[in-house]
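Assemble the whole structure, with the sequences as input and the hints as a guide.
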Amino acid sequence: MSDPKRQPPRIESRAWLAPLPAATRFIFRGGAAAAQAASRAFGVELPATACRANVAGARAALWLGPDEQLLIAPEGDATAARAALAAALESIPHSIVDISHRQVAFEVKGPDAEWLLQAGCPLDLDASQFPVGMCTRTVYLKAEITLWRTGADTFRLEIWRSFAEYVVGMLEESALELTA
Amino acid sequence: MLLIECPYCGPRPELEFAYGGQAHIARPADPSKASDQEWLEFLYLRDNTRGLFAERWRHARGCGRFFNAIRDTTTDHFVVTYKAGEARPAPTAGGAR
Ligand SMILES: [Zn+2]
Numbered sequence: 371m372s373d374p375k376r377q378p379p380r381i382e383s384r385a386w387l388a389p390l391p392a393a394t395r396f397i398f399r400g401g402a403a404a405a406q407a408a409s410r411a412f413g414v415e416l417p418a419t420a421c422r423a424n425v426a427g428a429r430a431a432l433w434l435g436p437d438e439q440l441l442i443a444p445e446g447d448a449t450a451a452r453a454a455l456a457a458a459l460e461s462i463p464h465s466i467v468d469i470s471h472r473q474v475a476f477e478v479k480g481p482d483a484e485w486l487l488q489a490g491c492p493l494d495l496d497a498s499q500f501p502v503g504m505c506t507r508t509v510y511l512k513a514e515i516t517l518w519r520t521g522a523d524t525f526r527l528e529i530w531r532s533f534a535e536y537v538v539g540m541l542e543e544s545a546l547e548l549t550a
Numbered sequence: 806m807l808l809i810e811c812p813y814c815g816p817r818p819e820l821e822f823a824y825g826g827q828a829h830i831a832r833p834a835d836p837s838k839a840s841d842q843e844w845l846e847f848l849y850l851r852d853n854t855r856g857l858f859a860e861r862w863r864h865a866r867g868c869g870r871f872f873n874a875i876r877d878t879t880t881d882h883f884v885v886t887y888k889a890g891e892a893r894p895a896p897t898a899g900g901a902r
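Taken in sequence, the protein lines are chains A and B.
If you're matching positions, the first sequence starts at 371 in my numbering and goes up one per residue.
If you're matching positions, the second sequence starts at 806 in my numbering and goes up one per residue.
No wet-lab data here; the hints were simulated from the structure.
Fair warning: this is a prediction, and the values are worked out from it, not measured in the lab.
Note that beta-carbon positions come from the ideal geometry of N, C-alpha and C, so glycine has one too.
Please note that a few of the clues may not be correct.
Stated by the list, open to error - Which chain A residues face chain B? A few, computed with CB under 7 Å, are given here:
| hint | residue |
| --- | --- |
| 1 | G503 |
| 2 | R507 |
| 3 | E514 |
Claimed, not checked - Quick list of simulated restraints, FRET-style, between CB atoms:
| hint | chain 1 | residue 1 | chain 2 | residue 2 | range |
| --- | --- | --- | --- | --- | --- |
| 4 | A | Q406 | B | G815 | 42 to 52 Å |
| 5 | A | R399 | B | G815 | 14 to 24 Å |
| 6 | B | E843 | A | R399 | 30 to 40 Å |
| 7 | A | S470 | B | S837 | 40 to 50 Å |
| 8 | A | W530 | B | T879 | 49 to 59 Å |
| 9 | A | E445 | B | T878 | 47 to 57 Å |
| 10 | A | E460 | B | T854 | 46 to 56 Å |
| 11 | B | T854 | A | A450 | 50 to 60 Å |
| 12 | B | P816 | A | E547 | 24 to 34 Å |
| 13 | B | K888 | A | E543 | 38 to 48 Å |
Unchecked claim - A short list of chain A residues far from chain B (calculated; beta carbon distances all over 12 Å):
| hint | residue |
| --- | --- |
| 14 | L390 |
| 15 | D482 |
| 16 | C491 |
| 17 | T506 |
Here's what the structure looks like:
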């Protein structure tokens, strides 16, 4: 573990930025029957509505595509969640890929959060167009991100770990304008 | 910025999308029986339409799905988008803007 490239990217917390703890993440693919079984097994209703996230306790399910969902759970839930999903979906065609370590998560928060993200994201992030509970894959400048508005002034970003430094760096660059 | 209506996600910025070439080109039903000429046409020959053109697009940085669109190649106006597998809608008169 001495190779620094193998370490997760270090994200320093700031007034507008908070790194989130490591998490269990699965990409679920499957039809309506599989989604129903997965909802029961995972304990979160997998959203049927495009670009919406559902939360139950410490777990969440994010709609990424018509047959694709991102399931998030606390890091310690990995084994139990995987076993429960495997048992419930045994006889239903589906795919579940563990991507826990593919991406890292952090929060952009505070009164400037929307402005900071808008600096690099082409979507309209006004609350009327991107309300609390909305989530989607999109881009931040040149990097693909998954963006989820968890509160009026709080966004969760899920980013492939090798892109994280770039995205945080560009957010910092944008934040310089706030101090000027 | 040009907005493209993804049939799954709604209107989204152009740069989330990737172009996928001409739509509704069916692979030979029995590939082993297709002649060299049929393969050539399937693989390489495409229309170069001036006006309304049916083409494939992929919401690559969104839901990831391929879908089809009718676009006016002279104005870059997207007349209509529809899910892959659906029939090509009839051309609309008011399409070009
Ligand atoms: Zn889409």
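Verdict for A:R399, B:G815 (Cβ pair) under range 14 to 24 Å = Given a distance of about 22 Å, which is inside 14 to 24 Å, the answer is holds.
request  = Would you check whether the claim that A:D482 is not at the interface survives, using Cβ distances to chain B and the 12 Å cut-off?
outcome  = 22 Å, holds
query = Does the Cβ pair A:E460, B:T854 satisfy 46 to 56 Å?
reply = 49 Å, holds
ask   = How does the Cβ-Cβ distance of A:S470 and B:S837 compare with 40 to 50 Å: does it lie in that range?
value = 44 Å, holds
query = Closest CB-CB distance from A:T506 to chain B, is it above 12 Å?
reply = 6 Å, violated
request  = Look at the Cβ atoms of A:Q406 and B:G815 and judge whether their distance stays inside 42 to 52 Å.
outcome  = 25 Å, violated
Range hint compliance [Cβ, B:P816 to A:E547, 24 to 34 Å] = 28 Å, holds
message = A range of 38 to 48 Å was offered for this pair. Does it hold for the Cβ distance of B:K888 and A:E543?
response = 39 Å, holds
query = Taking the closest Cβ pair, is A:E514 under 7 Å from chain B?
reply = 6 Å, holds
ask   = Minimum Cβ separation between A:C491 and chain B greater than 12 Å?
value = Incorrect as stated: the minimum Cβ-Cβ distance to chain B is 9 Å, not above 12 Å.
Hint check: 7 Å Cβ-Cβ cutoff, A:R507 to chain B = With a minimum Cβ separation of about 6 Å from chain B (threshold 7 Å), the hint on A:R507 holds.
ask   = Between B:E843 and A:R399, does the beta-carbon spacing fit 30 to 40 Å?
value = Since the Cβ atoms of B:E843 and A:R399 sit about 34 Å apart, the hinted range of 30 to 40 Å holds.
Violated hints for the displayed structure, listed by number in ascending order: 1, 4, 8, 16 and 17.
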